[in-house]
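Undergrad: Sequence:
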Amino acid sequence: MDIFAEFSARIAAAVAALFDGAEGLDALIDRIVVEPPRDAGHGELSTNAAMILAKPLGRNPRQIAAEIAERLLADPDVAEAEVAGPGFVNLRLVPELWLAALRAVGTEGADYGRSDLGAGQKVNVEFVSANPTGPMHVGHTRGAVFGDALAALMAFCGYDVTREYYINDAGGQIDVLARSALMRYREALGETVEIPKGLYPGDYLVPVGAHLRQVFGDTLATENESDALERVKPLILDAMMDLIRKDLGKLNIHHDVFFSERTLHGQGGEIDLTLAWLRQNDMVYEGRLDPPKGKTPEDWEDREQTLFRATDYGDDTDRPLVKSDGSYTYFAADIAYHRNKVLRGFTHMIDVLGADHSGYIKRIQAATRAVSEGTAEVDVRICQLVRLLKNGEPFKMSKRSGDLVLLSDVVDEVGTDATRFMMLFRRNDASLDFDFAVVKEQTRDNPVFYVQYAHARSCSVFRTAAREMAGLDLTPAGLATAELAALTTEADYELIRVVAQWPRLVATAARAHEPHRVAFYLYDLASAFHAYWTRGREESDLRFVVPGDERLTLARLCLVDALRQVLRNGLAILGVSAPEELS
RNA sequence: GGCCCCGUAGCUCAGCUGGACAGAGCAGUAGCCUUCUAAGCUAUUGGUCGCAGGUUCGAGUCCUGCCGGGGUCGCCA
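Each step along the first sequence adds one to the number in my numbering, with nothing skipped, and position 117 is 103.
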């Protein structure tokens, strides 16, 4: 049950009835917002309907507001409706309605907050897509967590979500990887080797070398290099993807589809087909490109090349599809890849990329528009950099792989929950400080702990109730019999109202593709609960467990249970556990 | 030089697809443990929302131009 959605509909109906026949009324109604006011003095729900209507109707907003308020007052669920400020209508609802919302949390359980916002539409969330040249490092972590949480958020809101990983296994760095692995192979044969500069020195390739020896014996050593490379590549790529999947597994991230870029290449492959299609639709031409303004690359060579008409679809310049050596650019493959997604039926796509790819956004959006003939859109979410700190000082960890801090090092150090939550406790488009010291603290400074503690504490209340009031039936069936009317204090209602905002909040977060909103909401919810809890220390009538008053206790436990349920549902979206007690 | 992101309290950041006097944590100050986990809570100090214009009944939020920080700029992926 979503009180805000419910009243959004009732207000829309009231407005439609009052101003029936007004020009463009439906569009105006779409712009009406029903929200919880920032200031509690402004009621429990607030709407700007009158201000939206004032100008088009050519009328005084406060007058319109008065008419809307009057009509809403006729609704038996509305206790108060008053006009305020420039023309807001502020509502208070009858307590029964809030209690009904509270009751609904108990019955909806893990589904509380779920919606059909997405109406089952297919959404493809492409994230991580790290080059398969070694284990994942911290730079990949944020995008990985963000993409996974966003996918969960969309799924919760009724989208049919596919989590997808685009394996960049076709570029030159794969040759470098394969040559690096062959060095380890020779090492496994007993040779003493020194990894030349420019190859990957990481010792994660040592077991790959040993594996190659197992599979191929010493036959690769005598073969010419390019033949050997082609033979070993599939094995090496499998090994790298296993590494990556293992790293992702540490964060509880599992993709539905791993899409190999290699499969797009080759004669008659999808890139060829896509290019042919683009040509057929006059989206490609042979032409020259101006060098970037103000900064001409030293090796700039003015040449005629194959260009995609990206400017026709919102990009700043047309984009090359073929390199000077005749092979396809990365972008050409990516067009084919996004066309592939369109052909698979995705009209909504989300690409999660690192900060260094922000210049790529317009290009990929242009390509998607072109290739889908305007029927599909891609939203590109950029994750900014993560700065690793310890006690506020820049921090470098022991490194097993070049200069990079590994994802697995971070997770081993602070745990999956802390890693995930911290990565989400920040807008994705702003850079993020990740302080190892703070994340391991069990204090209010650490939001991960703070929210998990609220959940543990809510469970603790139930343990206490079971101990002190053995006669109470604390099962869901027992809680369902509670007389919620026993809840009468403002403190109770403050908590109920926060819990009741969850469906609206989660829908808003999904629409905006912003999972961090869930994290911040959970922090606020935890804060409201901790505040209530502590008040009970001083005011015994504000305790959750009130020995001698079973009626009140059971009602309060419903409230705690609802709050606990929202914490669970929210944490589940973030992929963070909800422990019953803290060690 | 072009494009993208950021600029909100001393510090770290929210601000719900423009709304009512701009919020939280930390730091500072003053308090709260015989009582459901004080691993917490309460009160309080503190802001020209980078600057200047514009659109609007209404701008931290949208537009334009500057200033400052970061990223990126055919043949890397």
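Just so you know, these hints were derived from the structure itself, not from any lab.
One thing to keep in mind: the hints can contain errors.
The calculated lysine-lysine pairs, modelled on DSS-like cross-linking and capped at a C-alpha distance of 27 angstroms, are [claimed, not checked]: (1) K232 - K279; (2) K236 - K279; (3) K376 - K348; (4) K232 - K219; (5) K376 - K279; (6) K108 - K309; (7) K236 - K183; (8) K309 - K219; (9) K281 - K236; (10) K426 - K236; (11) K309 - K183; (12) K348 - K281; (13) K41 - K232; (14) K376 - K309; (15) K236 - K376.
Undergrad: Please go over all the hints and tell whether each is borne out by the structure.
TA: Each hint, compared with the structure:
1. The hinted pair formed by K232 and K279 fails the criterion: a straight-line CA distance of about 44 angstroms is larger than 27 angstroms.
2. For a cut-off of 27 angstroms, the pair hint linking K236 to K279 is broken: about 45 angstroms separates their Cα positions.
3. Among the hinted pairs, K376 with K348 is inconsistent with the structure: their alpha-carbon atoms are about 37 angstroms apart, more than 27 angstroms.
4. At roughly 20 angstroms between alpha-carbon atoms, K232 and K219 fall within 27 angstroms of each other, so this suggested pair holds.
5. Between the alpha carbons of K376 and K279 the distance comes to roughly 41 angstroms, so the proposed pair goes past 27 angstroms and is violated.
6. Pair hint K108 plus K309 does not hold up; C-alpha atoms about 34 angstroms apart against a cutoff of 27 angstroms.
7. Proximity of K236 to K183 is assessed by CA-CA distance (about 31 angstroms); at most 27 angstroms being required, the pair is judged violated.
8. Restraint check for K309 and K219: satisfied, since their Cα atoms lie roughly 23 angstroms apart, inside the 27 angstroms limit.
9. With a CA separation close to 43 angstroms, the supplied pair K281 and K236 exceeds the 27 angstroms bound.
10. For the suggested pair K426 and K236, the alpha carbons sit about 18 angstroms apart, so the restraint of at most 27 angstroms is met.
11. For a cut-off of 27 angstroms, the pair hint linking K309 to K183 stands: about 25 angstroms separates their Cα positions.
12. Taken as a hint, the K348 and K281 pair is honoured in the structure, with Cα atoms around 21 angstroms apart against an allowance of 27 angstroms.
13. Restraint check for K41 and K232: not satisfied, since their Cα atoms lie roughly 59 angstroms apart, outside the 27 angstroms limit.
14. At roughly 44 angstroms between alpha-carbon atoms, K376 and K309 are farther apart than 27 angstroms, so this suggested pair is violated.
15. Annotation: proposed proximity of K236 to K376 holds, straight-line Cα distance about 22 angstroms (limit 27 angstroms).
Against the hints set out earlier in the document, violations occur for numbers 1, 2, 3, 5, 6, 7, 9, 13, 14.
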